[in-house]
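Chemist: The primary structure of each chain is shown beneath.
Number of protein chains: 2
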Amino acid sequence: MKNVFFTVGPTQTHPKLGEYLNEGLEKGIYSISHRGKEFGGLFAHTVSSLKTLLKIPPDFHVFFIGSATEAMELVVENCVEDKSFHFVNGAFSKRFFQIARELGKHPEECGVPAGEGFDFQKTSIPKGTELVCFTQNETSTGVKIEMSGIRALKLKHPDTLFAVDIVSATPYAPVDYGVADCVFFSVQKGFGMPSGLGILIVNDRCIQKSQVLHGNGINIGSFHNFPALLKSAGKNQTPETPNTLAIYILGRICDFYLEKGLKQIQKETDEKAALLYAFLDNNPRYPAFVKNETWRSKTVIVAETPEGSAGVIKKLAGQGYIVGAGYGEFKDKHIRIGNFPMHEIEDVRKMLKVLE
Amino acid sequence: MKNVFFTVGPTQTHPKLGEYLNEGLEKGIYSISHRGKEFGGLFAHTVSSLKTLLKIPPDFHVFFIGSATEAMELVVENCVEDKSFHFVNGAFSKRFFQIARELGKHPEECGVPAGEGFDFQKTSIPKGTELVCFTQNETSTGVKIEMSGIRALKLKHPDTLFAVDIVSATPYAPVDYGVADCVFFSVQKGFGMPSGLGILIVNDRCIQKSQVLHGNGINIGSFHNFPALLKSAGKNQTPETPNTLAIYILGRICDFYLEKGLKQIQKETDEKAALLYAFLDNNPRYPAFVKNETWRSKTVIVAETPEGSAGVIKKLAGQGYIVGAGYGEFKDKHIRIGNFPMHEIEDVRKMLKVLE
Chain D
1 MKNVFFTVGP TQTHPKLGEY LNEGLEKGIY SISHRGKEFG GLFAHTVSSL
51 KTLLKIPPDF HVFFIGSATE AMELVVENCV EDKSFHFVNG AFSKRFFQIA
101 RELGKHPEEC GVPAGEGFDF QKTSIPKGTE LVCFTQNETS TGVKIEMSGI
151 RALKLKHPDT LFAVDIVSAT PYAPVDYGVA DCVFFSVQKG FGMPSGLGIL
201 IVNDRCIQKS QVLHGNGINI GSFHNFPALL KSAGKNQTPE TPNTLAIYIL
251 GRICDFYLEK GLKQIQKETD EKAALLYAFL DNNPRYPAFV KNETWRSKTV
301 IVAETPEGSA GVIKKLAGQG YIVGAGYGEF KDKHIRIGNF PMHEIEDVRK
351 MLKVLE
Chain V
1 MKNVFFTVGP TQTHPKLGEY LNEGLEKGIY SISHRGKEFG GLFAHTVSSL
51 KTLLKIPPDF HVFFIGSATE AMELVVENCV EDKSFHFVNG AFSKRFFQIA
101 RELGKHPEEC GVPAGEGFDF QKTSIPKGTE LVCFTQNETS TGVKIEMSGI
151 RALKLKHPDT LFAVDIVSAT PYAPVDYGVA DCVFFSVQKG FGMPSGLGIL
201 IVNDRCIQKS QVLHGNGINI GSFHNFPALL KSAGKNQTPE TPNTLAIYIL
251 GRICDFYLEK GLKQIQKETD EKAALLYAFL DNNPRYPAFV KNETWRSKTV
301 IVAETPEGSA GVIKKLAGQG YIVGAGYGEF KDKHIRIGNF PMHEIEDVRK
351 MLKVLE
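Chains D and V are the protein sequences, given in the same order.
Using this note's numbering, the letters of the first sequence correspond one by one to residues 1 to 356.
Using this note's numbering, the letters of the second sequence correspond one by one to residues 1 to 356.
Intra- or inter-copy, both count: the list cannot distinguish identical chains.
Quick list of in silico lysine to aspartate or glutamate cross-link-like pairs, DMTMM-like style, CA-CA up to 20 Å:
hint, residue 1, residue 2
1, Lys2, Glu19
2, Lys314, Glu38
3, Lys16, Glu26
4, Lys2, Glu23
It is worth saying that the hints were derived from the structure and are not from the lab.
Quantities reported herein were computed from a predicted structural model and do not represent experimental measurements.
Let's have the full structure, built from the sequences with the hints guiding it.
Modeler: What follows is the structure, given as structure tokens:
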């Protein structure tokens, strides 16, 4: 029996992953020079396919880096001289805040209890804030935030840069590139890939900010600072020898998703999410952790486990269904279920049968 | 006809790569949690196998990062408050120097013309130097340096940290861990892997230095600073979701190399290098770029191409042998030939036949 990974990332890999991996090997893609024409074509194709899939405007730049965590560091280094502001409702939004502090900045935060979202209209952003940071989908708690809420805030702060962590939301959840100046994600969630590649997407305002900081003698990092990434991307290259395998696979999976259609992916995600939440709402042994329906993520579904999570996880694993434990302090109090494009509705049904 | 990549990295992939990639997929390794037991075992195995293969002393720590270029940034951030010193004889040693400058440090350099090595005994290291940086094998020019030369210098500067870039030298060239405080490499050279994983190996003196810098309020980076990497490594983890695929494959290839024996790998490398240099020394159309035999790298062999490199590269490619162009200003003046464990002596012979 092969396991089905309903974990929140790394998770079930894309069904075509094996085929793509082997084709890459056959074609010699893992041997080609990262300074040559063939790599340039591959780079350009992945960027183009990703931009089409995620509806990224032409004036945004796509950078390939190591992880979403690295993206947090780069965004702070390149967009903040002193003050960032963070909406914190879980471990990953908190991490963004902490990275800013570790880099010697003076971040502030608006915190709410785990499982809750934000009232953006009531939050006042401190004067002098250079960057406001959001987490579209807090993977530790299963809370999502809506782009419309971010838009309302942006209207009040048009000159402040907005960064959105879209890690476990993309490609399902739309991004309003009129309000987000930069977004980032990693490929081991909604793209069903092996981990090890981060994608950072920034507009010219972020580039300009990094240039101003650099001009003022602020440390913006070295090989992966925005001007360096931009210069290389202009040649369809990366500053260092990159994860060519992952850039290639990402392009193939974007093509696959485009062929299938993002609308269809969203429809299937909604159907599976409805099934999962209906089960939780009708089953007192597994109540949904996020009570407010508008805050419930469609891609990371968190259930409370009043009888402890270990037994539930073991029971599911015994039938080949791997789900995640709660995050941090919730390790034994929650299970977390990923709902990504690779997950089949039939498997969701079977998994819920085991849970019943 | 399948190409044989004699490029200097990315290069010919390991013959077992396809098998290992597919086994990883079959076993679900690209889906497992990077915070779980199975990943911990995999991490520990790769570290252990690598330490055995490269004879790394137990008190050195192995960190998995994105690239050797990232290693340069991390080493400077974590080991230098103000002054590093760099032996520069090509593009990659120069890069290390430039990264230090970009990070706001005040590096100095000892430069020699491309194709030449160093007289370490005659070089005086400036007072106050915190870190001395060496490139064991300058991939841009094919010049190697000997650990014995570094040792002589270390005896004069026992309190200064020494960092050695072993990118295209390892696993062939031995490292004297009595004189190197940290070394780093990437896996797309001597390990025949897809690029996208850097390995950084540091001793406790480097860790202590990073702690002192941090204590003094110096920015040592965030998620990948040495204390963070060490804390995670202590749990057989990485701070971020890592390139699990590559960590797994690296472990398998280390096992393969251990089975074969490093001595055998070194013997074969020497034989192929002897064949290559003998050809160049007897063929005025392709004189070896490095004239001094003691400076000649065994793993990156650079030949001058008085008639231009493009025609030579094309001729070889027509027969399925891919070699690299010269680096930077030498693009049309050199070809570069990788001599790594994956390269078969029979293929070297056939390639040289085409060159004749």
